[in-house]
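Novice: If you count by this note's numbering, then the sequence shown holds residues 53 to 413, one letter each, in order.
Simulated restraints, written as ranges between beta carbons of each label pair: (1) K106 <-> D318: 34 to 44 Å; (2) A280 <-> D194: 10 to 20 Å; (3) G290 <-> R57: 37 to 47 Å.
Straight-line Cα separation of at most 30 Å, BS3-like style, residue types lysine-lysine; simulated pairs: (4) K106 <-> K171; (5) K385 <-> K171; (6) K106 <-> K215.
Keep in mind that the hints were calculated from the coordinates and are not lab data. Keep in mind the model is a prediction, meaning the values are calculated, not measured. For glycine and all other residues, C-beta sits at the position ideal for the given N, C-alpha and C.
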Amino acid sequence: MAVIRVGLVGLGEVAQSIHLPVLSDQRDRWVISGVYDVSPSLTALCTSEYPTAKAFETAEALIGSPDIDAVFLLSSDETHSRFVRAAVQANKHILLEKPACLTVREIDELLALTPNYAKTIFVGYMRRYAPAYLAAMEELPDFADITHVRIFDLISEGRHFLKKSQNVLYPTDIDPALLARGAEEREALIREVVGSDAPADLVRAYRGLTALSSHHISAMRGLLGEPARVLAAHRTNGGANTSVTFDYGHFAACYDAVVDDLGLFDAMIEVRSNTKRVRIIYDTPYIRSLPTQLEVTEAGAAGPVTRTYGPLYGDAFSNELETFHRHITDGTKPLTDLADSRRDLALMAEIIEQMKKTGGR
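With the sequences and hints as input, model every part of the structure.
Specialist: This is the structure:
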């Protein structure tokens with residue numbers, strides 16, 4: 053099996069808790085060859101823990117290094133487009149953490165740059181690689197028989213779980229001017245979508261869509277295909293909570309996102325027909341190898357009968373990286389590529405427009 057030399061740009065929560073440990077576990081597929089972060093302390097920590105990793109002084113130096121085959125772009129959202137361009141110019145394989153970008157414009161510019169790109173560009177929607185999700189694909193009712201879809205993310209942020217389970221370093225040595233410039237760039241990109249005069253709660257709602265909600269919007273599309281339109285969209289709790297109804301013609305898909313500080317993780321996709329219910333249940337991804345679960349309930353002569361698959365301990369991130377490696381070695385095209393991510397961003401923009409029309413509350 054080919055061993056791919058990996059360089060990571062961005063060494064925050066997801067790199068420390070997920071990508072670096074998974075890459076290390078999959079040592080027959082990957083070697084961690086380079087790391088870069090705007091925090092010197094994070095870079096020093098990762099080179100001390102992963103001795104094969106060379107510290108680079110800039111992201112561009114890592115991306116352009118001949119000792120790197122694939123770059124993992126785990127940096128702030130506003131940097132994604134710039135770093136993808138650099139990686140394409142350097143002819144690297146790319147794993148790009150979601151969201152691929154913050155605007156459809158950025159995605160379109162990258163798609164125009166890569167129509168015949170020979171290397172793999174893979175967007176990290178790990179929920180689409182969870183064992184329960186993959187098993188559900190074989191259990192779904194026929195599309196014509198679907199009567200309703202219910203999707204929700206009722207969760208707390210990753211720090212609630214990480215601080216109890218892992219020793220993640222949150223650096224204090226990042227240049228404040230760099231942080232301020234990144235925040236300005238991110239705000240400008242978000243306001244391309246929500247509008248220059250958008251209220252703070254609409255800005256927060258879009259940030260939530262591109263962060264948490266992007267996983268389930270992508271997963272919904274992977275299961276059901278493209279919705280015809282966004283029927284309704286609302287935001288509450290200062291934009292932290294979002295409710296969206298998608299029009300699939302003969303049925304609706306209803307999505308709710310609630311982010312709070314309760315310290316619980318409750319995420320699910322449920323697809324129903326008149327006689328069958330398929331339910332995918334997710335736990336927090338921030339603790340590796342927590343199980344996903346699939347429940348299939350069908351009408352029976354004596355009442356409903358439920359088959360449970362799992363708990364399935366196959367890690368979604370591990371599956372994702374195995375799939376990325378397979379695409380690199382086989383030269384095949386990922387399901388979660390830039391074009392696929394464009395559809396997510398277009399739906400998010402449509403959700404924002406619907407919120408504007410109705411006031412969103």
